[in-house]
Amino acid sequence: MQAVAEDYIRIQRLSKTFGDVVALRDIDISIEQGSFVSIVGPSGCGKSTLLRIVAGLLDYEQGSVSLDGQAIHGTRRDVGFVFQSSILLPWRTILENVMLPAEVLGLDMKQARRRAMELLHMVRLDGFEEKLPRQLSGGMQQRAAIARALLHDPKILLMDEPFGALDALTRERMNLELQRIWAESGKTVILITHSIPEAIFLGDTVLVMTPRPGSIERVIPVDLPRPRTMHAMSEPAFGRIADEIRELFSHTGSFD
Amino acid sequence: MSAVLPTSGSMTAPTVDKPRARRPLRLGTKTASLLLLVVLLAGWEFGVRAFHVPKFLIPTVSDIGVALWRGLATSPFAKDSLWYHSAITLAEILLGFFVGSAIGLAIGVVVSQMPKLEAILEPYVAALQSLPKVAVAPIIVVWLGFGIGSKVAIICLLTFFPVLVTSIAGFKAVDPDRIDLLRSLSATPWQIFRKAKFPSALPYIFAGLNMAAAFAVVGAIVGEFVGAQAGLGVLIQQMEAQMDTGGSFAVFIVLSVIGIVLTAALRRIQQRVLHWMPQDPGQQRTINV
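Order-wise, the sequence lines are chains A and B.
Using the working numbering, you'd call the opening residue of the first sequence number 1 and step up by one each time.
Using the working numbering, you'd call the opening residue of the second sequence number 1 and step up by one each time.
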């Protein structure tokens with residue numbers, strides 16, 4: 001992207017403790033604007049904690065976290081968050097759910113509605129606007145959640161294991177869709193995942209975390225051409241990175 | 001077969017008629033229920049007559065019917081008409097139900113927003129809840145007199161607790177992810193309450209309201225038994241004093257009708273408000289693409 005892109009999101013010497021438990025220790029990350037960063041790590045390594053700190057949902061005491069030069073303390077209006085489950089409000093239609101950020105942030109509702117329709121088209125949910133969440137499959141619900149996270153045009157999209165609950169086939173399709181959505185929207189994305197292939201397939205960079213106390217073990221750039229297809233998974237470079245990550249996990253003695 | 005006999009209407013007619021002929025034997029459940037009622041009432045009427053059961057013990061169905069007719073046929077403003085007493089009891093029920101539930105819900109909302117206050121109030125709520133509220137009815141009548149006010153107060157007391165307890169439980173049971181979702185959008189506490197907490201708690205609140213509606217009818221009758229100038233409870237006592245058991249039964253019927261109408265109305269509202277909830281888990285449909 002641009003020259004200023006260097007340190008769009010900057011995390012320095014970040015540590016977080018819950019009581020006696022050290023959840024994160026000395027995290028240093030810098031993320032370029034518009035890039036896609038995947039974070040993999042074993043359960044309980046603090047990846048979700050890290051993401052919640054970036055989202056402003058959780059406070060921190062040590063270190064610094066900044067977005068575009070501004071320190072992050074508390075939630076911000078320019079962040080979109082996708083949770084492990086879709087968390088669509090069951091009493092709202094899909095369209096009303098996608099419009100939720102506009103209501104909360106007090107945006108122009110007419111414009112928001114137009115944008116919601118565009119986003120629903122982008123996540124291929126045309127015709128489901130007036131349906132209730134329970135009438136949709138899990139994959140469709142998660143796509144609606146992604147549309148909702150993008151409604152207020154956030155600069156960064158934070159995703160906390162968004163596809164963990166989906167079956168393997170749906171998950172692959174969602175990975176392809178997410179790559180397309182990211183390419184179309186130009187957002188900076190941080191994706192947390194359990195899946196090594198998913199992390200490599202989607203990421204410009206894969207950050208590998210160690211178990212508690214969580215810290216960044218290695219930063220692995222993924223030099224695979226875009227747009228990637230599922231065939232990318234059978235390329236030698238893909239296999240090498242996957243092996244490297246598995247190697248790291250076996251060293252730290254943690255498999256998922 | 002049909003190719004061999006293409007025009008023989010007389011041959012095909014019986015096969016068409018067969019299901020039609022069998023149909024009267026298969027009763028709908030509604031018809032069957034109604035039929036059962038008729039049989040039961042007839043059995044009652046003739047049983048009481050055949051065994052010469054005294055009228056003040058068990059009245060005949062026709063006696064009840066006459067009493068009901070007499071009570072309903074008189075002017076609604078006459079002091080001995082069923083309409084007059086029903087109107088008073090219904091007014092007590094509705095007033096007490098709305099005021100009691102509203103206070104219960106309001107305190108539930110306030111308490112749910114302040115966890116500390118909830119912890120402080122918790123033992124009191126538990127203690128008051130274990131008290132049978134009906135026991136307090138005589139004192140309330142002493143305090144507030146024989147008018148409608150004491151009955152409304154008793155009903156308030158009875159309806160307040162189920163709504164308070166279920167609404168607190170409902171606000172507690174809100175999926176924390178829903179709150180985080182709104183927090184991630186920098187929502188204000190009021191927005192979080194309005195858009196996530198309150199709608200999430202509504203199924204619980206309605207469970208409390210349903211309980212409260214049933215309690216409200218009980219509260220009205222108990223209050224009127226203890227001391228009142230008018231109302232269906234007073235009517236029952238007057239009729240019992242005159243050994244007019246048929247008249248009492250007529251009042252029971254009116255009371256059931258009031259109860260049925262109230263629960264039906266509440267269910268209507270609930271279905272409208274909670275339209276998004278699956279009526280029957282078996283009917284849940286998922287569309288896969």
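For the record, the hints were derived by calculation from the structure and aren't laboratory data.
We put the beta carbon where it would ideally sit given N, CA and C, even for glycine.
Where hints are given, some of them may not hold.
Which residues of chain A face chain B? A partial, calculated answer using Cβ under 10 Å [claimed, not checked]: (1) Phe18; (2) Gly56; (3) Thr75; (4) Gly80; (5) Ser85; (6) Leu89; (7) Thr93; (8) Leu95; (9) Glu103; (10) Val104; (11) Pro133; (12) His152; (13) Arg171.
> Which of the listed hints are broken here?
Replying inline: Hints 1, 8 and 13 contradicted; others consistent.
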